[in-house]
Amino acid sequence: MTRRLTDELVADLARDLEPVRPVARLRVVSAAALALWGVAVVLAWFLDGHAPEPEAWPWQHFVGLAGLGVAGLGGIVASLANAVPGREPTAKVGLYAMGLGVSAALAAGMSGAWGAGSGSYQGSLGCVVRSIAIGSAPLLIAGLFVMRGAVSQFRGAACLVLVGSAGLGALAVQATCPTLTGGHVLVGHCVGPLVLAALASLPLAAVWGRSSSLHATKS
Amino acid sequence: MSEEREDRWRGWMLAAQRGDAPLYAKLLTELTPYLRAFVGRRLLDSTASEDVVQNVLISLHRARHTYRPERPFSPWVHAIARNALIDFARQRTRRTKRETSLDADHVAEPAVAAVEPRAEQLPQALEDALAALPNSQREAVELIHLEGLSVAEAAERAGVTKSALKVRAHRGYRAMRASLDRDGIAEDEL
Chain A
578 MTRRLTDELV
588 ADLARDLEPV
598 RPVARLRVVS
608 AAALALWGVA
618 VVLAWFLDGH
628 APEPEAWPWQ
638 HFVGLAGLGV
648 AGLGGIVASL
658 ANAVPGREPT
668 AKVGLYAMGL
678 GVSAALAAGM
688 SGAWGAGSGS
698 YQGSLGCVVR
708 SIAIGSAPLL
718 IAGLFVMRGA
728 VSQFRGAACL
738 VLVGSAGLGA
748 LAVQATCPTL
758 TGGHVLVGHC
768 VGPLVLAALA
778 SLPLAAVWGR
788 SSSLHATKS
Chain B
62 MSEEREDRWR
72 GWMLAAQRGD
82 APLYAKLLTE
92 LTPYLRAFVG
102 RRLLDSTASE
112 DVVQNVLISL
122 HRARHTYRPE
132 RPFSPWVHAI
142 ARNALIDFAR
152 QRTRRTKRET
162 SLDADHVAEP
172 AVAAVEPRAE
182 QLPQALEDAL
192 AALPNSQREA
202 VELIHLEGLS
212 VAEAAERAGV
222 TKSALKVRAH
232 RGYRAMRASL
242 DRDGIAEDEL
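Those protein sequences? They're chains A and B, same order as listed. One gets the working numbering by counting positions in the first sequence from 1 and adding 577 to each. One gets the working numbering by counting positions in the second sequence from 1 and adding 61 to each.
Since the hints were derived computationally from the structure, they do not count as laboratory data. Beta carbons are placed, not taken as given, at the ideal position from N, Cα and C, and that holds for glycine. It cannot be assumed that every hint is accurate.
What the hints assert, rightly or not - Covered stretches of chain B, going by a simulated chain A footprint (3 or more residues, C-beta under 8 Å): (1) 72-85; (2) 88-99; (3) 118-128; (4) 185-194.
Construct the complete structure from the given sequences, taking the supplied hints into account.
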């Protein structure tokens, strides 16, 4: 009986076959996401002013920048690779990179190299919003690709793509923000955007999972 | 997987992406025993194994646009099969956690002798199995089998594609069958 069901299923699937357009290459999508992110960074640079001269940056600032960059890129690559069966090794590398990058960024943020002042948290909310706004540029491209992919663990996929995008957004803000006090860098450039992105993945995954089961085989 | 077979399946998969149904049917037909062997090596329960094979076929159909022509075919299929096995293991773990095992010593003796399920009890068993389905699957089964709609009509009523409706109905049948199996009602009694 179960084998008969399998045979019926094969016949049904073949009968319902519709042409599909293969997904784009991962490297093309990654490049497009980064290009759009670059445009957002340039815009932010012109609109928000500039950070102090790099000579004034403590070395932890560079570690933070590198961490956010690695976390952002790793998250985006992991989310894209995770959406395509057979690309798990790439996804794993991206995931490890993201973990490493987030850890480095957090460590740099907590190192206290910038010193804490009374206004150390000043403007953090603005930087979180800017991080998310800039991060939404790569999110647009990567998110569309991931949503079209073959994802079964929606929560993980949503978390990867959101944290990756937020990481890239935070990187841009960290590089351009003139306020370099300890609490501000930690909250506004690191914990705020990343935690918000991780939390946003919960409702996104719920909506996505529901709509995916509704349009199961539309593609 | 032999190189010749890999090339053949890859060619058929590309044809399937272009909408060639006969070659797609060939691909799925040739893949099915291969998947049975792949899954069977990892699962001893043959019924569960067949369920996983069906899930792999459904996933493959849903994910057919994610196959890139320049990539090898077998890692793609294996990844889909592995994901289906992982999903199955997770579902089984969740189900096991929900169920409470009854220790034989603590089961009360029935007041009357147990009777085999009778024909008049079967519709109730079916009704219970149907009621236990998730809304989307129950709707699919009801539209097709109780209201007698065609797949196209049922899909339109449910607001989903024909394929999606079939997948839902198929999963609904499987869940109902599993439920009836657990209740000790054989399929040929229905």
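The hints, checked one at a time:
Residues of the region 72-85 of chain B with a Cβ under 8 Å from some Cβ of chain A number 8, which satisfies the need for three, so the listed coverage holds. With a cut-off of 8 Å between beta carbons, the region 88-99 of chain B has 3 residues touching chain A; three or more are needed, and the interface restraint holds. For a cut-off of 8 Å, the count of residues in the region 118-128 of chain B with a CB near a CB of chain A stands at 10, and the three-residue condition holds. Using a Cβ-Cβ cut-off of 8 Å, 0 residues of the region 185-194 of chain B lie near chain A, which falls short of the minimum of three, so the contact claim is violated.
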